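Could you slot chain B onto chain A? The hints should help.
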Amino acid sequence: MSCQFQASPGVDAEMLGTLLLAQTGMQPQGTRRIERCYLDTFDHRLAQAGWALDADLQSPYPPVVHLRRLGTEQQDQLHGLTSLPARATDVPRPRLRNQLTKITAGRALLPVSAGEITVRAFDCMDERGKLTARFLIETSSESPASTVLRVQAITGFEPVGQRVIRAARRAGLIKPLREDCGLFWLKKLGRAPARYRPKPIIPLRAEQGSSRALAKLLRAYTQVMQTNEAGIVADLDSEFLHDYRVALRSIRSWLGALKSTIAPDLRARFRAELSALNRATGELRDMDVLGGCLEIYLAACPEVPPAAAAALRHRVQSTREAARAALKTHLLSAEYQSAMQSWGEFLDALGRGKHAGRRGRSPVLNTVCRALRKRRLAILRFDPVVARHDPETLHELRKDCKKLRYLLEGFQRLYAPEALQRAVRELKTLQSAMGDTWDLHVHHELLQRLVQGDSAESPPDPGALQLLTTLGERLGSLERKQVALVDAAFARFRAPRVQRLYARLEENRT
Amino acid sequence: MKVFATYNVKGGVGKTAATVNLAYLASRAGYRCVIWDLDPQGAAGFYFRIEPTATTDPQAFLEKKRGLKAAVHGTNYAGLDLIPADLGHRNLDIALSEFRKPTTRLGKLLSALEDDYDLAFVDCAPHLSLVSENIFEMADWLLVPVIPTPLSVRAYAQLGEFSTAHGLAREKLLPFFSMVDRRRQLHCELITQFAADHPEVLRSFIPYTSQVEKMGEQRAPVQTFAAGSPGARAFYALWQALCERIGLDDGSHLADET
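Listed in order, the protein sequences are those of chains A and B.
Numbering follows my numbering, in which position 233 of the first sequence is assigned residue number 233; successive positions increment by one, without gaps.
Numbering follows my numbering, in which position 248 of the second sequence is assigned residue number 248; successive positions increment by one, without gaps.
Here chain A stands alone, though its shape is the one from the complex (with noise of 0.2 angstroms):
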């Protein structure tokens, strides 16, 4: 059990240590300096399902790691932990381990923000000199207002520990804290882990002019991509580089669907700027999914020899580690970060309304029904008999689903909540009967470029090209299985009732 006060105004640490000492068998242990580390994933997977992760970090012992459970008493210590956890599967212990694998979704668990912290300890012993409870006594330098005593109750003998909280409440010295101690701190110390959501929900108005607007959601996503940009370069963790180009994706799908509202030449200029970013970062990402993949195709392929299958593995570390370098060197030069600068200018440009399209001072509503439609009609165009032969077609096809979804998830407030989810929800089912198919075709085609950069410096690897013939022999399969699914999404999208769904989605009759 373990449980968390704050001092009440007026009442400092001297006053609470004093109300300690004054307990019998209380023993003071020292005050020591730590360094107090929050950790969790980039998107802050932990503290949304309501779990807080910290380090104790003091030179040079092993640092002290504790999962708290945020609102109760629970509390676990994560012993024999020599450095920090890098990922949920570097926990000792099962259960817990287990618990945050599920959570954080093979994430990397990141040092979030850190300060630090004063902690004076009192140990409270029987008459046997059995410890019964330890009091902690939490202070900063940077914030001397605030005061945190935290107990830590012995099994078996919570009731000494709930005693002296009794007494300090009673005297009005602490009143409980409710937020999570770790938090607490961070907050005042002024260095709280932002908010961060991949997809922001941005506030726009129906009547609003379509530049303004426009400029309101491309500065949220630029905001996302500069956040993931540390990330990328750390490579921390592969999600980083996802989100960038999700960000990324959606930025260059609204400049094309609402290209009305911007001034042509500035709309060329940064569309084909963009264009060639997505490029510089789709190698890793390719190569991360790969990557992700790999030895679920291996494992599927047993027949395929061990050195084989280990010299595939290196050639696909080595070509992700040369696109992370290539990617790193771009991010960090200086015609990116003047690319990015002008790319901002633009937008505040944008949003004080300068630079504004033929439609630019259109009410955003029908500027995005009108994109809307042309997006949904262009899906409509789809011939799922092409497709059965031709997997671009089929990649046609997903790109104009991302482009539509794109343009529902960023404009969702002018939509009523209902209509617009079930109109993701009905592209989503098209969207996902793609997904596995596309992956697959994609995956054999680089593993293809992979065993051919090989042969030509040596013949090709007999086993590296068994692989590619039993996976080419999967996809054909899968492909068969899957554009059946495919067939029976669109069919299901285009049926009248998701079409009304629409066309009341773009006609505003929402």
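All the given hints hold, so there is nothing to weed out.
Derived coverage of chain B by chain A (criterion: at least 3 residues anywhere in the stretch with Cβ under 8 angstroms from a Cβ of chain A; other residues may be distant):
1) 23-33
2) 43-52
3) 77-90
Calculated cross-link-like contacts (lysine-lysine; reagent style DSSO-like; alpha-carbon spacing at most 30 angstroms):
4) B:69 x A:102
5) B:2 x A:102
6) A:102 x B:108
7) A:187 x A:102
8) A:328 x A:399
Partial list, derived from the structure: chain A residues whose beta carbon lies under 7 angstroms from chain B:
9) 79
10) 95
11) 128
12) 130
Hints were generated in silico from the structure; no laboratory data involved.
Everything numeric in this text was worked out from a predicted model, so none of it was measured.
From the three backbone atoms N, C-alpha and C, an ideal C-beta is built for every residue, glycine too.
Just chain B, lined up with the frame of chain A:
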């Protein structure tokens, strides 16, 4: 959760001292450990300044699977908890015999702690009984302290025979020498002979030292008050030998090791 039981038919061989010190070292190595004191004398609890719990009806104790969790007490050391002895445990054999599967009951009780601990150390009373069979069933390894005397060596032989007679896995037995006085020729001869006859013996022994005896006075593991003493070093060497034998990380890479 891995379960170690410190067991010998013979009393006074250093079972409790071994349990307490090994569990302490395991907790320093980063494992969450619990000691289950099955000896009604309550010596393990005494070392940790925890009194035995009030006598409970053994039948009721054995029936409540979650009861063991409620009996856990924290020690003065992080990551190390204790289930204190209960005088009612002296009648455990009788109560166990009432169950349909009497030899697996204690293991079922201990499994309630599966999620909370990495290692469990069971300090057993010195006898051969139904409780012993339960211990053989639930323990992954039986740590058997052996004093290099003919009677103690004979007791180990009896334990081997008992395990064979009851179809229990003999490879679980991990004997080690305890209370060794190397000035005595008999001790040296018996150790050499025993090691030749029993390759399973752990290649580390606990000497007869006053610091280990002082555990009773200090009421703490020897590492906490005499870390550099021969006794403390011997227990650390035993912990390392044990980890090496069973493939466990001994935590020697941790900075705050003894």
